[in-house]
Each structure stands twice: as C-alpha cells, then as structure tokens.
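The primary structure of each chain is shown beneath.
2 protein chains.
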Amino acid sequence: MDISELKTNHPDHWKKAAALRILAADAVHAAASGHQGMPIGMADVATVLFEKHLKFDAANPDWPDRDRFILSAGHGSMLLYGLLHLTGYEDMTMDEIRNFRQWGAKTAGHPEYGHAKGIETTTGPLGQGVANAVGMAMAEQSMAARFNKSVVDHYTYVIAGDGCLMEGISHEAIGLAGKQKLGKLIVLWDDNNISIDGKIELSDITDQKKRFKAAGWSVFECDGHNPDEIDAALTAAKKTNTPSMIACKTTIAVGVEGVQDTSAGHGYAIKGDQLEQMRKFYDWPYPAFEIPEDVKSAWEAIGSRGNEEFAAWNERLTEMSDNRQAEFDRVISGTPHKRLSAVIKQLKRKVSEEQPKKATRASSQMALEVINPIMKETIGGSADLTGSNNTLTDGLDWFEPGNRKGRHVAYGIREHGMAAAMNGMALHGGVRPYGGTFMCFTDYARPAMRLAALMGVPTVFVMTHDSIGLGEDGPTHQPVEHLAISRATPNTWVFRPADTVETAEAWELAMSSESTPSVLSLTRQGVRTVRTKHTNKNMTAQGAYVLAEAEGKRQAILLATGSEVEIALDAREKLQAVGIGTRVVSMPCWELFEAQDEAYRRKVLPAGPVRVGIEAAARFGWDKWLTGERGKANKADFVGMESFGASAPAEELYANFGITADALAEKVKNLL
Amino acid sequence: MDISELKTNHPDHWKKAAALRILAADAVHAAASGHQGMPIGMADVATVLFEKHLKFDAANPDWPDRDRFILSAGHGSMLLYGLLHLTGYEDMTMDEIRNFRQWGAKTAGHPEYGHAKGIETTTGPLGQGVANAVGMAMAEQSMAARFNKSVVDHYTYVIAGDGCLMEGISHEAIGLAGKQKLGKLIVLWDDNNISIDGKIELSDITDQKKRFKAAGWSVFECDGHNPDEIDAALTAAKKTNTPSMIACKTTIAVGVEGVQDTSAGHGYAIKGDQLEQMRKFYDWPYPAFEIPEDVKSAWEAIGSRGNEEFAAWNERLTEMSDNRQAEFDRVISGTPHKRLSAVIKQLKRKVSEEQPKKATRASSQMALEVINPIMKETIGGSADLTGSNNTLTDGLDWFEPGNRKGRHVAYGIREHGMAAAMNGMALHGGVRPYGGTFMCFTDYARPAMRLAALMGVPTVFVMTHDSIGLGEDGPTHQPVEHLAISRATPNTWVFRPADTVETAEAWELAMSSESTPSVLSLTRQGVRTVRTKHTNKNMTAQGAYVLAEAEGKRQAILLATGSEVEIALDAREKLQAVGIGTRVVSMPCWELFEAQDEAYRRKVLPAGPVRVGIEAAARFGWDKWLTGERGKANKADFVGMESFGASAPAEELYANFGITADALAEKVKNLL
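Line by line, the protein sequences are chains A and B.
Using the working numbering, count along the first sequence one by one with no gaps and you end on 672.
Using the working numbering, count along the second sequence one by one with no gaps and you end on 672.
Take these hints with a grain of salt, some might be off.
Because identical chains share one entry, a pair is satisfied inside a single copy or across any pair of copies.
Once the Cα atoms are required to be at most 20 Å apart in a straight line, the calculated EDC-like pairs of lysine to aspartate or glutamate come out as [claimed, not checked]:
id, residue 1, residue 2
1, 181, 201
2, 271, 283
3, 338, 294
4, 7, 283
5, 52, 228
6, 345, 591
7, 405, 201
Calculated directly from the structure, the hints in this document are not laboratory data.
Being a predicted model, the structure only gives us computed values, none of them experimental.
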C-alpha cells in the first residue's frame, strides 16, 4: 500500500511507527553518521511484531523465556534502540539515543551485546544475527526438552537484510535451521531491493523465497508497510513446524523525498530540508528527541504487555521441585557444576599415574566423558568431523527434530554457521556449547570466533589437528598461523595443552569461563604424558609454569606448548647430559600467563638464561616471551615453522622442518 | 544403472574408469591415508568429461585457452592425479602416484597448485574450488571480450561434493555466477548422499537442484555411473546461457563391498581382502601401479585429443597483430606494464609537491587512476562498498553479462566469494584482480586469503577502514588483530602505507608481484603527506626506512605504520624540542623489511636507542621489531590497542585509547 494511506487507515499504528522513524532520522542526523534507511523502511514491521507478537516485558528484560528479537541487519541499530526506548527498557534512556554513536553511550553504531538490556547479540558483520538466532532456537528446543515447555517455550525473531542473505553464513544457518525444523524461528526479510552499490540486481538475482523453500523453510510474504498483512504473515508463520521466512516488501527510507528507494537512503543522508519534509510527511511537528505523551504511553503499554505472562511464568517456575529449580537457575546463570573441579582432579590423578601416550584430541574426549554426565547443559557438536574431533561422548545422542534431548549436533560442513550458532546458544543461556572442526578451519569460523570474544560469551571451539603433526592431508589442512590469529584476538583463551592432564585443566577452565571464549588447540598425533606427578592445583590456570627445573646452574629456559613440550623435555635431557642446566616451561595459555602478576611471570621466566621457544607454528607473537619483561634482553631463539607445511607422514614433517630435540638443543648451544 | 552393467554395455569406458578407480584405491592403500571414496564414485563422470568434452592437450598444459577442470572436492585428489597420469601429463609419473602423500611428491594429500601441471588450483578447504571456478569463468569472459573469442573461448568444469555445497562460500559463488550468467561454467555435483558423519540427511535436507535454480542456474541430472546420461547432461549444459549444475547421482566407493554407499568408504578403508574383491569386481588382475597397455593407450589418446585444436589455436594467435600478441603474452605471463614504474613516479612527484591531506583509501584510488588506464588486465571490484573502498576508477564500468568489457565487479555482500573468485582470476591468468572490503572483514575473506598465499598468486586485497580511525561504526567494524592475522601468514605482503606516496609505492609492488598476494591496509580518515621530498626510489620496497632522522644524539627510534606515522612525526617534534634526538622509521611492509639483508635492517634499526612502536592495532607481533636483532635488547615500549575498539568519532577514539603524540613522547621519556 502507499504508506501515506496508513495515516487514515491505521492512525495509531502510523504514529507509533512514525516515532521509530523520526527517532532514527534524528539520531543519525545528530551523529552525522549511521543508517536511517532500514529503520525507516522496517518501522511498520517492527511495530507490528512488538505490538502483537513478541513476548517480552520491558521491566524484566532477563526473563529467560522471553521471545528473542535479533536485528541481524545491525547497521539499522536505531530501530532497536528506538524500540527499547519507546517500550520502556530502563537503561535505554533518551539521553542514550541523543548520544547515538558517541563515546561511552550504550547506543553504539551497531548493537553491542552487553551495552543495554534487550540487545540480544552483537550484530553488524552481516549474516551473523541469522546464525545466532538459529543457535538460540536450538537452545530453546533443548531447554524445553530438558525442563519442560511450561518454563521454556518461546519464539526467536530475526530482521535480516539483503546483505545478511547474500553472505555465505546465511546459507549455512538456513540449511542448519531447515534440517533441524526449527518451527519457532521466524526471519523477517527486509526486501527493499537496495544495497550500498545500487539495486540488488547489480549483484544478485537470487529468488530468495525459492531458496528458503529449497532449504525446508516455510515462506510467507507481506507488504512490509501494511500492518494487517504483516500481522497475518506473523500469525501464519508461528503455526508452522518448520522455520519461517517472511518476505517483507518495503521501501528503504520510505517517505523521505530524494532518497527513498535508493542506495542513498541507506546511510546518513537526511539533513535540513529533508528532515523537515520527512516530519511533515509523518505529521510529526515535535522537536528532535521528543515523543508526545500519547505515543509514548501507547508504546509503554506494549512494553508492559508481557507483565502478566511473566508473572505466570514465574509461578510455573516455582512449581518445579527445588532441585529442578536450582538446576534451572544454575544453568541460566552459567555457573559450572559444583562437582566439575572434583571430576577433573580425579581424571588428572588417574592419568598422571597411568601416563598414556595419547592424542590431545582423545584426551579432550576423556575430559568430556567426565564433564558431560554432570554438566547436562553442554551441547556438543562437530562440523562433520565427529570422529576426528572426538566431541561425541557416551550417551549424548544426536540433537534432532525427533530427539531434542540429544546433546550432539551434526552441524554439517558448516564451520562458520556452527560457530555463530554456538554463540547464539551461549547468548540464549541455559546451555553451554562446544563444537569441533580442524584447527585450520579457524579461517572459516573466524568471523563468529571474533564476535564471541567481542561479546564476551564462553563458547568453546574444539580445534583438532593443530599442526603439521596431522601429516598427510598437507598444507591446506595444517595450521601455521592459526595460534597467532586467535592469540592476537582480545578476550580469547587459546589453550594448547601438552597432554591429557593439561587438556583436562583447559576444559575445566573453559567450562568455568563466564565471559571469555576458549580455543582448544589439540593434536591429531599421540603425545606422552608430561605431567607425571599429580597436582590438585590447576596449573594451566596460571597460563605457564615450570614443568621441569634445571639441574645445576640454570643456563637455559625452553618454552614450549602442546605437542612440542615432549620435544623440549627431550632436548633438556640432551642438554643436561652435557652439563647445561635447562628449565622447561610449559605454556598452555599465554593469555592466562599474561594475567598473572609480574612477580609470578618473572619467577617462571627469570632474566639471564638463554631462552628458546618451540612450537610447530609461526614465530609470530613469540618474541614477547623470548625477550623478557620490560625489554630486558635475553639471548633468544625459536624453533618452529617458517613456511606453510607439506604433505607427508607427521614424523617426517617434524624432521624435515627441523622441529626436533636435536635442533632445539643445538640452538641453545649456539646461544651459550 | 547397476554399475556392473557397464562391463558389457560400455566395455571400453569400463576399463578406463576402472584404471582410475584402482589407481585411487592402490595409492590410498599404499599411503595408508587419503580418500578413495570419491575417485571411485566419480570415475565414470570424470572419464566421460575427459574423453568427450574437456578441451585440453596433455602435451601443452599451459595452453591459455584450455578448458579448466577444478576438483573442488580436493580430498579426492587421486582422481585428478590419476587423470593427469593416464592422459600423459609429463610430470605426473607413476612414481609420483606411488609416492602419494609422501615427502617431496607432487601428489600431496590435496591438490596443490604449482606441484604439477594440470592442477589448476589448490583445493581441500571445501567450497573454494567452486568459487575459484567462478573467477576463472569471469576471467575467460573478460579476456574473450578483450582479445576476441578466436583466442579465448573455453569452459570451466568443477567437480563439487556435498561438503562444497554446504559451505557458505558456495552460496556466494553460486549467487555471483548466477547473476553474471556464466554460461560456460559447469558444476558436476557428486550427489552421493554421504558425508563423514553419515547420511547427508543427518545434517542437511536442502534440495540442491531447487537451490541452484533459485540462483539463476540451469540444472541437469544424470546417473553418475551411466556414460550416456553423463554425456547427454554435459552436452546440454554446454548449450545454456546460464551456469549449469549437473546433479550426478553416484555411489561412494561403488563396487567395494562393505564400504560402498557408507561414510566408511570416504577415507582410507580398502585393505587386503577388500582390495582383492574390488580388483575382481572391476576385472583388474594387474598388480598395483600397473596399467595394461590397451588402457594406457586409450587414455593417452584422450590426452592428445586436443593436439590439433591447440595447433589451430596457435595459428589464430599468430594472426593477431604483433602488438596485440605481445599484449596477450604480457598479460598471460603476468608481467606488469613497462610504464607502470613511470606513472607511479609521476604520481609520487606530484603528491610530494602538493602534499594533500587525504585518506589512504583515496590515495589508493589515485594510484589506480594511473594504473588502470595502462594495465588493462586489471579487474577491480568491491563487496558492495565501492564508494567506501575507492576501487572504481574512471572508465572501468561494471562487469556485467551485457558488458564483458567492464572492469569493475559488483561482487555483492560476499567478501569470501570475492576473495576466492579473485584467486580464480589470478590462477586463470591474463587478468590481475583486486577487490575491496572493510579490513575487519578480512575475517570473512580469510580462507581464500590464506589460499592465495599458499598457492602464490598475486591477488590484491584492498582493505579500507583499517583501524579505530573509522570511528562511529564501532568495534564490529574496527580491525585490531587483522594486521597480525595477515602478517602471521606466510607469503603475504601486508602494506600499511602512511600517505599517498607510500600508497602509490605499495600499488606498484602489488601490481608487479608474481607469486605473493598483497593486503593493502588503508585508512578511512585523512592523513598528512609525510613523504614531502620526492624520491624516484620505491622506499616501500625496502619494507621500512628512515623517514626522519634524529637531530643531535640519537636517543630514540619511533617505529610506525600507516596513519600513525604522522603521530610519530608529531611526537618526534615534541621530543626534539626537549633535546631528545629522535628518529622516525616508517614500516609500510614488515615482510619486505624482513627480506632485506641484515646490514640494512641494522642501519634502519641500530642497537642502542630506545624503541617505541606505534600502531592503532594489537601489539601482537611487534616485539620482534622492538627487541632488536639476535636478541640484543633495547629498552622498548608500544602504543596501540589493548582491547577491541568502540563507537565514537575517530579523534575521540584516538584520544581515549591513548594513541597520541603525547603518549608516545611520554613512553620515550619514561624509558630514557
């Protein structure tokens, strides 16, 4: 319909939607930066969704059973901020809106998780929100199966733009959702036919409706400016047993002369006269950042619409047994199980005694075998490498449309979708996701791994086959720079455990993390147990520690991680044999070592002895540890990879790339 | 059809295909590692393709107008090696096959570009081959428009598996190909319904045929074991004006009892008795790695089938004018235009005089404005950020189905697909691709960026908005760790130019590169011209150089890149003002500096003075330069980012994150 008809046909709706539109235009204008085109175009859809469908209570934004609303097209952040402000979310004040995109404001350029309640995930990198939503819808189904639909029974709604749907991650997310028959996932596509470079047909001619159908979705359509059609489409979508996509035909920056229906309308564009014209068109005589009382109270009524439902839900929650309720509260709060530490200690003690030679990916499975039975909130999975990643433990079963109690997801060959869906699960709460692929495919999962770090969610990335030690698959599958990639990323714990003991310790930390994702870098090949003396203390929690002390005068320190720790121990034998006192420091987690106080760090890495690092990876980043604190120098060197790997059996690769105890000992001797 | 019917119905085909199958099984068995399931399953399709359709000449593997054959499902590498050996590619000897997956062999676990002729691209990371092929098909169209169909007129064939089609990159590639109506691109889908974790329906229920149709492709089907159907489908696919997908219904590891049609058949599985049973089934009484003469000569006839066509093509080539032929040879060989250096020098001289304040992304456009008119092999593009990435210069025009002379691609919101398509273009030869996105979306493009480095192709990644300096879009769009990510990757030139002069120099190097991809890290915000004195010499080629010398005793060296070089110069002023002699070193390309001899590096960074680095990015990797060569220490410090960024105007971000001349000068004073 011509949007101006709304004024007479749907006067109440018109005003509410106008409030969203004008707020977006004013905030972007004030910041002289941002994107008003999408909020203006999708204001009608958002208004109907919030008014008639979304289950929420602005006064209780943490309500675990609220519907989730994800703005995947995150550049349209003002739509979300407007909705949160108007419906009465306490921390989204008008001052925050006024300070859109300014230092310290909750109203960042793109929605940032943690800035304000109601921002369910960080979006902006396109397509991520769609995939997060898939994870949220899976978490909902898992929780419902575990705790009953009386306390977990909600929808997940997404607004996605053309950009989201062009990104590859959308394919992975849509495919996963279709397979999983996530009937309570509803994607609203802002079908405005505009991207930054021009009309969509400049770069894409995909029939999105057919595409979603091909992936097992139900597809609906509506005029995205017609409240009745929007309502009808949402009502229909909620009734399906498959995920639903609603194609909302809209006009970008509708109602703003000169920019509507053009790519110019996407970003900051509405100034001076245009802003006046827009105010006239929308009958909005009010100054910037002022909402008339009738409109504000209409929106606030929407914000409190869910109040009774929230109370009823609380009632139902208290009807559960005390134990069940305590468990529900525990998993929602993300608290690890109180027996976690005990079962890990038990495993460590056993392994320190038995001293198996084992790939750390298999060690990882041993840790999961003791964690999964007590922490029933874990949901494992793999990107089609279940047997290789060792992520499936006894009794987990596949998570399937017919078995929502299953706790292992067949993510398919979708590393990126898996990582983003796991973020969605972690954001949803009540579940703790981990998922595996080959470490080299960090590359595929990377955009979501960064967002886990940025959002501060404790997603666990199980990255096996972590070096040339994987052997014959060759350089396409052999990580060289991937430890550096994750270590360079803020707020990420990168664990590279040396044996089963360190692997168990890493898992304990990963499962206890509140706001930091973990990357577990695990071998394909067997490694010796190096922690042969049991300690109750989690040594990995310190990031690095003295594994073997120098005998006699300490002349050298060998720094090593993962599969190279046993090589360092062998080199130490060789050096001690010729009278060179050599300490071996195991460094399973640089970030946690960095977080120790300086006194501890200097105790582990004192100035003076020569230092040689060893890791079957690029040296990049290592100089920090080789150099010494405060720029005090040590003579130092490194044994590692200076190029990509090659295809051959693992032992030959280690020998040919010179990652050996002999080479390491030689470097020490050369420095002394 | 039941495959055993082939024996009587198509006895010649049966034998040829059996040779491929047995070779794959024997090689994988000998290596005790690898994947025979796909080669065995797709042998019939590959045999028909090579026998009846693929335009190639094994004796002239570099023929620029050969059809390209891409094994996107790269784990099935033995299919490709077998084809190359049997058809008589000189460097694919039986010894190479015997040494499958061994150190030094050309027969790596996954096909590695450069190991042997006929390996058109490196595959293994799934989906990449499909996207490379899209780039190759685009390069073909561009070359044909430029040089005429008489010398450029070939098909691009791809074998893709379920994994390729589940990966997100396939969505981007398929969408781009559909939009571009690449009628000479034909994807053969190995529709075997098996992935590593089990049946495909465990993770995916997508109707692939409908999916491709939705993206504008023509779709055909065949029984992948019926040579007549395969031939008919290929014949039909070649006639369309859109890209074609042929769904080839196959059985994985067909004919091998116990593993056929199961995920067990995918990887190394056929041993002892099973190998005997397979030999019996395929009437193959010959020992491992022996091909009977009749089969070998039948295959060799296929390998030389294109000989006459090659000769005729050569004839047509010589019919072109000498100039045209020289230009054709130049662009095929990847030689930069002889005037490249001159136009860059001219630009540098002008800029050094005029000294504009300019964003380096705009400087990049200035460089392209002088390069593109002379190097007509360039094909630019952007992932829907053309105006922001400044990649479109005067007269390029959009590359479109109706305008193949256009030289700027609207890649759409497909960073990954863009990067992989560019790799395909570079591999095809005759064109030199560059493409832009925001630097933060290195994350999305990353798997293809790594492959560019691994393959050694000179793709140019134009990464603008390279720090918190982009301002209000906030942390989702602000790179912090992305310089480290690319720098940690072997064989990658990461340029972070300080001004227009360095940007022009970086472009000269990127356009002259033969086997190294370039990442151009460019600012959104304006920066001063710091190279105010013209030099003909390309200073960036040395990686780092003294930009401003200390006056008086040299007490400090400031190391900086990109937008922080001007801050370092300001800090130097402050330090000199209080009598602290301070050198400023600009470091636009670490990798090229690393490649200089030690004497030069020590001249630029002599031991002694304190060193402080500055870069609006993570410190990760910087300690190498702060420390000094051979572990000789300098007192050192760093000014940069210790966390993710934030949303605010750029100047405020620099101030709030402490990336200022004052902070830098203070660090120096603290160290002295």
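Each hint tested on the structure:
Proximity of residue 181 to residue 201 under the C-alpha cut-off of 20 Å is restricted to the inter-copy arrangement: shortest distance 12 Å between copies versus 31 Å within a copy. Only within a single protomer do residue 271 and residue 283 lie at most 20 Å apart by alpha-carbon distance; the minimum there is 17 Å, versus 79 Å between protomers. In this homomeric assembly, residue 338 and residue 294 never come within 20 Å of each other (Cα to Cα): the closest approach is 51 Å inside a single copy and 72 Å across copies. For the homomeric pair residue 7 and residue 283, the shortest alpha-carbon distance inside one copy (9 Å) is at most 20 Å, but the shortest distance between copies (80 Å) is not.
Taking identical chains as interchangeable, the C-alpha atoms of residue 52 and residue 228 lie at most 20 Å apart only when both belong to the same chain, with a minimum of 11 Å there against 58 Å between chains. When the C-alpha separation of residue 345 and residue 591 is checked against a cutoff of 20 Å, the pair qualifies neither within a copy, at 23 Å, nor between copies, at 46 Å. Taking the closest pair of Cα atoms, residue 405 and residue 201 come within 20 Å of each other only across two copies (19 Å); inside a single copy the shortest separation is 43 Å, beyond that limit.
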